[in-house]
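Using the supplied hints, reconstruct the complex from the two chains, each of which is provided in its own coordinate frame.
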Amino acid sequence: MAPKARPAPRRKTQPTRGGHPRVGPLTGRLADVPALDIDALIGDRGVRIIVCCGSGGVGKTTTSAALGLRAAEQGRRVVVLTIDPARRLAQSMGLTELDNTPRPVPEVDPAAGGSLDAMMLDMKRTFDDVVEAHATPEKARQIFANPFYQALSSSFAGTQEYMAMEKLGQLHAEALGTGRWDLIVVDTPPSRSALDFLDAPERLSSFLDGRLIRILLAPAKGPARFLSASMAAVTNAVTKVVGGQVLRDVQTFVAAFDTLFGGFRARAEETYRILKDNQTAFVVVASPEADALREAAFFVERLGEEGMPLAGLVLNRVTTSAAPGISARAALAAAERLGDTEPVTAGLLRLHADRLSRTSREQTLCRRFATAHPEVPTATVPALASDVHDLESLRRVSAAMAA
Amino acid sequence: MAPSDNSGRTAVDAPDARGVRLHIVTGKGGTGKTTVAGALALALASGGKRVLLCEVEGRQGVASLFDVAPLPYEERRIAVGPDRGEVFALAVDAEAALLEYLDMFYRLGRAGRLLDRFGVVDFATTIAPGVRDVLLTGKVFEATRRVERGRPVYDAVVLDAPPTGRIGRFLNVNTEVVGVAKVGPIRKQASSIMQLLTSRQTRVHLVTSLEEMPVQEALDSVTELRRMGVPVGNVLVNLVREPELSADDLQLAASRSLDPAHIEAALKEAGVSADPDAIASLVEEGQQHAERVQLEVAQRQHLEEGGAPVVELPYLADGIDLGALYELADELCRSGRI
Ligand SMILES: Nc1ncnc2c1ncn2[C@@H]1O[C@H](COP(=O)(O)OP(=O)(O)O)[C@@H](O)[C@H]1O
Ligand SMILES: Nc1ncnc2c1ncn2[C@@H]1O[C@H](COP(=O)(O)OP(=O)(O)O)[C@@H](O)[C@H]1O
Ligand SMILES: [Mg+2]
Ligand SMILES: [Mg+2]
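Top line first, the protein sequences correspond to chains A and B.
Straight run, no breaks: the first sequence in our numbering ends on number 403.
Straight run, no breaks: the second sequence in our numbering ends on number 741.
Next comes chain B alone, as it looks inside the complex (with noise of 0.2 Å):
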């Protein structure tokens, strides 16, 4: 690990984004982790780059969010970025990671298969602490760091890695293996791994929405992370929607102290004949607004005092499909921050 700082940032944890290659996301589930890490890739692939997203949690979110076939463990291209950059993406899957690890170091062709009916690759993808991780992890690793004719193969790679609960034990993949493997070559790996997460290639950004507990998750991790030497990115505050009120509105609101009388007038200026009912409920509806809008405020402030750089996305009400994937890399391109 490198050395740690509890309190403020780290040496690492800058605003730089240029040399960055291993962009990580997380947040709590639900606020947008695929999409975003989706975006962002089509983001970065910007300017004729090409960028490998990587999925890691087995559920082909990454095929359903470009609407592809489901992914096999090959790296294939989903989409092609603004100015001829590429996007790949791969599904990374622990049984197979560790077979061609063991095929590629040690020749275990019949050996390979064996451990795979005795439930060893079960054994050792699910129980033996951390080595799921590493094997996943280091596929990603492998991929950040490949080179062919001299230069990378990816300009970035992007891993959709799972959310915020899990995030600080996914990455530490160190300390994890040194309770099992103290020598070896899966510790050597763990080493490895573990310098290019706490490296200034490295970024992890924290995808949220303006609610309570993603944000208090959020928030979480940033200290987790911090604490463990990882680089910080920024926080992508998704769904976000503009208040349909001013500021001032938005207090009378609050309180239900818009006029009925001054809007029942408007309503008719607009042609729509509303009895008392439906303007209480309007106003009813704007309260409700207002109330949301109060507690974004004060979630938007929590994330700010947190200290890492925000970025917001707004809310697609049409729904998530390529286009809007398009939208929000370019969201992403125009905040300057990757």
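The shape of chain A in the complex, shown without the other chains (with noise of 0.2 Å):
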């Protein structure tokens, strides 16, 4: 199935950057795939989730930020929920505490009337909350207090995935309760797959309403019929294994935490429901290279699977050459010609040419992307020569996007 139509579609029908035609051998961009246009997307108030998912290490936190605060300063009332900031970045953004809470970017230009909150995900913190919650202070306490449950919130793989919807379907009813916010930026856990951020949670809650639990439950509720003569051979097994003291902690874990597992359910199933609105826009996030290509189309391939809107496709840190021109080939004969008489100029032709071929093969990798899915918007970053650390650079990062 397609990504879902949307009434306007945000796509640019000329492909321009500030007004002025595109120049150049490569602006990052192939002439026939349709451009993501940012700012419509942003403009477009049904749209109150962003979500920027991708393998890691694109830019995934890096785009969050920069549409979080482009849209900010074009009017949105914005928080972004971020996951993994690199310090600096995170530093520059006011978010010197992993404390769950949104708190105003510092320097943010209010004068279209918005604002930009950002916050940090405390993962352990968040489930934490939840149990809290949604059990009685004696449970939690119990809860809190097994080791089964310190591992699940901190080391179990997919629980940050989980926490991070979780906190998504929070500060999505925030927003519609007290208004505070009209858009929610989400920058997704560091996974190696972008598609982890989807299944996880379905991972985690199919684990805790597993065969297994509802076997370790048994004994709890009453007439151990279940317990066939298989069932004493595992549990003998793992006695023998890891002792008799960690069933025990098993079970009270599992019982401890049975009446919340229909709740957890029930609210992730709530925050799937509004990932696939109409209200949510997923921004695909890669950089020009194989692997993350090939995560971003496993990724816009499984959207479309589940009916869940895609808005478009960011490459980012895409090597861009201008000088135009000058082949790569006459660069480098020019440059063996220069040798060592003229070092400046031999060197500069030297990094032009390293520039062109660098860009020509990743355009071959976009182009391969491009063919297979020639539906989807795509925006373009250019990798910066430094580090994307302060408010400046993200303002540079979101203009290149939305250019």
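To be clear, the hints were calculated from the coordinates, so they are not data collected in a lab.
The structure presented is a predicted model; accordingly, all values stated were derived computationally and were not measured.
Be careful, since some hints might not be right.
Negatives, chain B to chain A, calculated, CB over 12 Å [stated by the list, open to error]:
no.	residue
1	SER595
2	ARG644
3	GLY710
4	GLY739
Now the stretches of chain B that chain A is said to cover, found in silico as 3 or more residues with beta-carbon under 8 Å [what the hints assert, rightly or not]:
no.	region
5	605-616
6	692-702
All residues carry an ideal CB built from backbone N, CA and C; glycine is no exception.
Spelled out as structure tokens, the structure:
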């Protein structure tokens, strides 16, 4: 199934940059790929949630922050949920504490009437809050003390994704209830695969609902009619390997958690429903590398299958080259000729040739993606010379994205 | 855990690489952990040695690096090193390791399969704190210690480990497991693994590029590992590019003070006709390059202040194939640090 059609497609008919036509052999854009219109996306008041996904290190956090900032400076009241911001970026956004509290980002231009809050996800604390909100104080204490809960809440692969969803649900409810925000931008956890964000919550809740858990609960629930001989063998084996205490811990944990299961499932389903809704827009982020683009392709296909609304692809850290008219081959030949007599010019020519060859490699990869997914609108962000760790460079990133 | 020392090097954090049998490679994702682990395995295999390269993240990164079919849970020869050395590879899988472990120690043939059916294997390998890591490191431990006919099967084992963000928890199997299994064989296994990890036979190497986040993570890990008493080996700076301009010219390029007229003349001499726009673009590319180089210089300095020895590996513009791996391996050998 194709991603849901939107009333107003966010595509530009004429790819231009700030009113000027694009120039040069490559500005990152392929001529026949529809452009993702970032300003139309963040200007669409019907869009209340933007989720940035992609594989590790491609620039999800950067993109979320840049989108949030631009939207705020264009009048939206935005909260950005970041997961693992680079330290200096976090500092420049006023995120000095990992405390789950959205705080205003300093030095955002308020002229258009918007605002920007940002927060860093504290996975363990979010989980604790959920437990506290849905269990009696006595039960909550029991759960917190249990080693299995401690592991589940701090190191279970997938908990971070689950908690990001949970937090998104909370922010969404708060946004609706208080009107404090009209746009939530969500960064996603640094998993190796972009799909983890969609799969992990299901994995966790099906685990919590799973067969083993039900069996472990059975004795606590009266007549042990499920306790067959094979179950006894299982219990026996587990006890042998890890010791009897472990089994008792598991049973305590599972019994204490029992009442929470239903709530977990219900909320995860609710958040999933919001993600499918047209108020949500997914932005898939990729760098122009084979692995990242492969992940992006998987993700795009999956969104299609789930009927989740895809806004488009942000190609981040694209190599750009502006010197028109000098081909890589000509540049290298000239550099060779100049040799040591003109080291500066020779060096510049080699740099230029290197950029062009990277550019063409990246273009090939992007073209492959575009051929398989011609419908995906794309925006590009050049690789900046330095890391993105202040509002000024975030503005440059978002301006490039919107150009 | 070994006696800890929060500030400086631990006793085992010695520069001498002799006697090291387990090399653990970590770093921020994407900096080239798998590539460098592969090159390191090849380097260690020179001189006719037998080396095992393990991966634990289920990504089949080693198979695609060496361009072989996906690896089963089985040690396979994937390359020969210089001087008839051999590199074997193993993709460690926690579930398979658990079943193997159960079978080996308890002969749980039928019950083992039952465990699987009831979701116990899933439970043990995903949620039971630390058990997964004990199983994964346990297999690596077993291979490192394996002896046949009186001599070790492998001269060295290289582990393509989880990234810096998870490495502390991954290697700190002991503490994790203490929280759960206070007695029993899992507990015992965890202790012997920890003993190996904090011994002179182990080194953890940190792969980074000269970028801010990877460098920060590498330095944070150095501190964390030292606190755990796990010996730190080298910081392997990957993807290093030589500057294309001299130090003085970089200064000029950074401030956009390169003389366009001079460049134009030089281009003309070389037979390239370029309009002012093209020259301005070349100057801009030069400025961005200079900015990058300045950042890299700062990051390199950070790394040197981190106290672990630094080895640099070049960025290979044509990408990574087997030939490129040998090239990186050669670079490692010549550093004299492994
Ligand atoms: N367009 C860009 N140019 C230069 N550096 C970038 C760009 N986008 C991201 N970065 C840098 O790349 C690193 C990883 O980005 P980040 O947004 O944290 O990735 P992710 O959240 O996907 O792991 C950061 O150091 C960031 O500053
Ligand atoms: N020295 C190098 N020169 C050029 N490319 C490299 C180098 N080292 C790694 N790469 C490339 O960088 C990418 C990431 O490397 P990989 O080893 O998979 O990283 P990791 O295991 O840390 O995620 C791969 O495409 C790899 O080919
Ligand atoms: Mg991130
Ligand atoms: Mg890898």
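Claimed clearance of chain A by ARG644 of chain B, with the beta carbon kept past 12 Å: violated, 9 Å
Take the region 605-616 of chain B, compare each residue's beta carbon with every beta carbon of chain A, and decide whether three or more fall closer than 8 Å. holds (count 3)
Interface exclusion of GLY710 of chain B relative to chain A, criterion Cβ beyond 12 Å: holds, 20 Å
Under 8 Å between beta-carbons, do enough residues of the region 692-702 of chain B, three at least, approach chain A for the coverage claim to hold? Our answer is that it holds, as 4 residues pass the Cβ test (under 8 Å) against chain A, meeting three.
12 Å cut-off, C-beta based - SER595 of chain B kept clear of every residue in chain A: holds, 16 Å
Least C-beta distance from GLY739 of chain B to chain A larger than 12 Å: holds, 30 Å
Checked against the numbered hints above, the structure violates only hint 2.
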